[in-house]
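Here the structure of chain A is known, so what remains is to put chain B in place on it, guided by the hints.
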Amino acid sequence: MSTITVGQRLPLVGWSASAGGLGRVEARRMLRHPAYWFGLAWLASLLTNLAIDVVRGRDEMWNVVYGATLLAVCLLYAPLTVISANRVAAATYRRRVREPLDAAPLDDRQRTIGAILGLLRGPVLVGVAAMVIMSVVAPFTAPEAGDPVNGIYGRGVLEHLQVPVLVLGAGLLGIALARWVPVPGALPLVVLTLWFGTSALYAPADANGVVHAPTWFAPWITWAVENASLTVDHPVGQEMWHLAYLLGLTLLAGVAALLRTPGNRRGLWIVAAIAFVVTGLAGWQQLG
Amino acid sequence: MDIHLTNVSKTYGRRRALDPVSLNAGHGVLGLLGPNGAGKTTLLRIMATVIAPTAGQVRLLGHDCALPAGRAAIRRRLGYVPQECGFPAGFTGFEYVDYVAILKEWADRRTRHDEVRRVLAVMGLTDVAGRRIRRLSGGMRRRLVIAQALLGDPALLVLDEPTVGLDPEQRLRFRDTVSGLAEGRSVVVSTHQTEDVVALCPRVVVLHEGGIRYDGSPSGLAAMADGRVWTAADRDPGAVLAWRSEGGGLRQIGVPPAGAEPVPPSLEDGYLLLVGGTGERQEVPA
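In order, the protein sequences belong to chains A and B.
Residue 2 is where the first sequence starts when you use our numbering, and the numbers rise one by one after that.
Residue -17 is where the second sequence starts when you use our numbering, and the numbers rise one by one after that.
Bound conformation, chain A alone (with noise of 0.2 Å):
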């Protein structure tokens, strides 16, 4: 220790200057999570066996690009979105990590914000990369032969903008998770419900139109065509209830995560109530 010199008063700058330094921290620490190292190791295993079959000539290269995208970021980077977003707003939440950081002028709710700006900035712009890979690539996929809805279901930019609104939704269950229910195994519990769950809409059907696959483990709105899986061929049309369903299960999330702060709750009620009833409308309404 050398000899104390006085440092710098604090410039009071406030809540919204500092946000932006707390949510970049957020999104640095949420992206070099050790949790998508095992992610990638799963895409690069997956890449590998799709080059395989577009080099033997069984499936078209944009085809490919797609469902490799679209599968990455659905069934893989979205869950243990998760698990970064949870354990990077676990971290600070523990008691004793707390107890300096309670002195601090951001209190618990802008800390929680902070988080939720960081989601923004770090994964949901993965989210939005694929999206833009997605979209891009789209105009050039063939469709499956035989599959006549398919042939016609040409996916917009909603059905896209869904990509980055679930790794949005799936961040910030993390966070609400990380307040509410901060004991161990509930994370594991969650993670694995929405990951077979999600498998089980993306499992194709036999030639009975049986899925086989967990469906139970869904705890959400689904819908099945015969002789396809649950959810590939959308009600066509339906994509801008079903981005809201989501959105609206997002946001019902994000006030989740802020209703366990102090502060004044009213608002984020009324939001709340709001929420749920578009929620539960766009879910009805998605199926056509």
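Hint data in this document are derived by calculation from the structure and do not stem from the laboratory.
Here the structure is a predicted model, which means the values were calculated and not measured.
Don't take each hint at face value.
As the list claims (entries may be wrong) - Derived CB-CB ranges, DEER-like:
hint, chain 1, residue 1, chain 2, residue 2, range
1, B, Gly112, A, Ala52, 36 to 42 Å
2, A, Arg29, B, Gly258, 51 to 57 Å
3, B, Ala48, A, Ser17, 24 to 30 Å
4, B, Gly8, A, Ala274, 48 to 54 Å
5, B, Ala103, A, Asn265, 39 to 45 Å
6, B, Gly8, A, Trp270, 41 to 47 Å
7, B, Ala71, A, Gly264, 23 to 29 Å
8, B, Arg185, A, Arg29, 43 to 49 Å
9, B, Arg113, A, Val182, 49 to 55 Å
10, B, Ala71, A, Val182, 17 to 23 Å
11, B, Asp109, A, Gly264, 36 to 42 Å
12, B, Thr(-7), A, Phe39, 46 to 52 Å
Claimed, not checked - To spell it out: a stretch of chain A is covered by chain B in this simulated footprint if at least three of its residues, at any positions, have a beta carbon under 8 Å from a beta carbon of chain B; those stretches are:
hint, region
13, 72 to 80
14, 85 to 99
15, 104 to 114
Every residue, glycine too, gets a C-beta built ideally from N, C-alpha and C.
What follows is chain B alone, placed relative to chain A:
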């Protein structure tokens, strides 16, 4: 007055941790002594705005702690070292202090990093700033917590047993640091180390069983044991407390027997006499 507490009390469920306490303090170092469970940490957590009192008024640096705006204003000029502190996983020392600096509203990255480097240098942590916290020794971690409290030249420093885990040399340097900081600001230090109080604090408050038992100078506290400290080969019946001293005899406090030769009391003697033998000394059975 930077610190103005009026009838502040705290209860946890049915257990009363702090009786109504009133305390005023201005610039300088205020030492807080007391046995475990005396209410020191509760009082310091209230002063750090981490918990709210059950009753009473807390005004710090001219602001009312009960108001959100007041709390934010206080926290902008507050440094706090808690008794026990954990660290977020995966942080380096620099990243941790930088994170706290962001929470203290240091928005500009360059000036923030300069300030982080400064406080790390003050606590002698420059060389290990890039090391993961889990790889730092206990003393280094303690210094890291102190470093974050020094960010932004705070007007009020609340230090709860800051020297726990520091080696003797680090403790001496810490005293030097705090002495330097005491110029023009208020520092409240809770400690079990009476040597720290003697070295640092012109004023000491003794808390015991949730209430203030003494508020005055360290010499005044020592003087309370005048004529009530003596040494003998065996424990005397009038001794409230006795312990083996450096010379090999038993140093005793209480009511000396006839003919006993009193010795000059120390701050520790006065403190132990005040808290009735419930302090930290290992008692020797009669």
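Hints, one by one, checked against the model:
no.: 1; hint: B:Gly112 with A:Ala52: 36 to 42 Å; in the structure: 39 Å, holds
no.: 2; hint: A:Arg29 with B:Gly258: 51 to 57 Å; in the structure: 54 Å, holds
no.: 3; hint: B:Ala48 with A:Ser17: 24 to 30 Å; in the structure: 25 Å, holds
no.: 4; hint: B:Gly8 with A:Ala274: 48 to 54 Å; in the structure: 50 Å, holds
no.: 5; hint: B:Ala103 with A:Asn265: 39 to 45 Å; in the structure: 41 Å, holds
no.: 6; hint: B:Gly8 with A:Trp270: 41 to 47 Å; in the structure: 44 Å, holds
no.: 7; hint: B:Ala71 with A:Gly264: 23 to 29 Å; in the structure: 27 Å, holds
no.: 8; hint: B:Arg185 with A:Arg29: 43 to 49 Å; in the structure: 45 Å, holds
no.: 9; hint: B:Arg113 with A:Val182: 49 to 55 Å; in the structure: 33 Å, violated
no.: 10; hint: B:Ala71 with A:Val182: 17 to 23 Å; in the structure: 18 Å, holds
no.: 11; hint: B:Asp109 with A:Gly264: 36 to 42 Å; in the structure: 41 Å, holds
no.: 12; hint: B:Thr(-7) with A:Phe39: 46 to 52 Å; in the structure: 48 Å, holds
no.: 13; hint: 72 to 80; in the structure: violated (count 0)
no.: 14; hint: 85 to 99; in the structure: holds (count 7)
no.: 15; hint: 104 to 114; in the structure: holds (count 6)
Hints 9, 13 from the earlier list are contradicted by this structure; the remaining hints agree with it.
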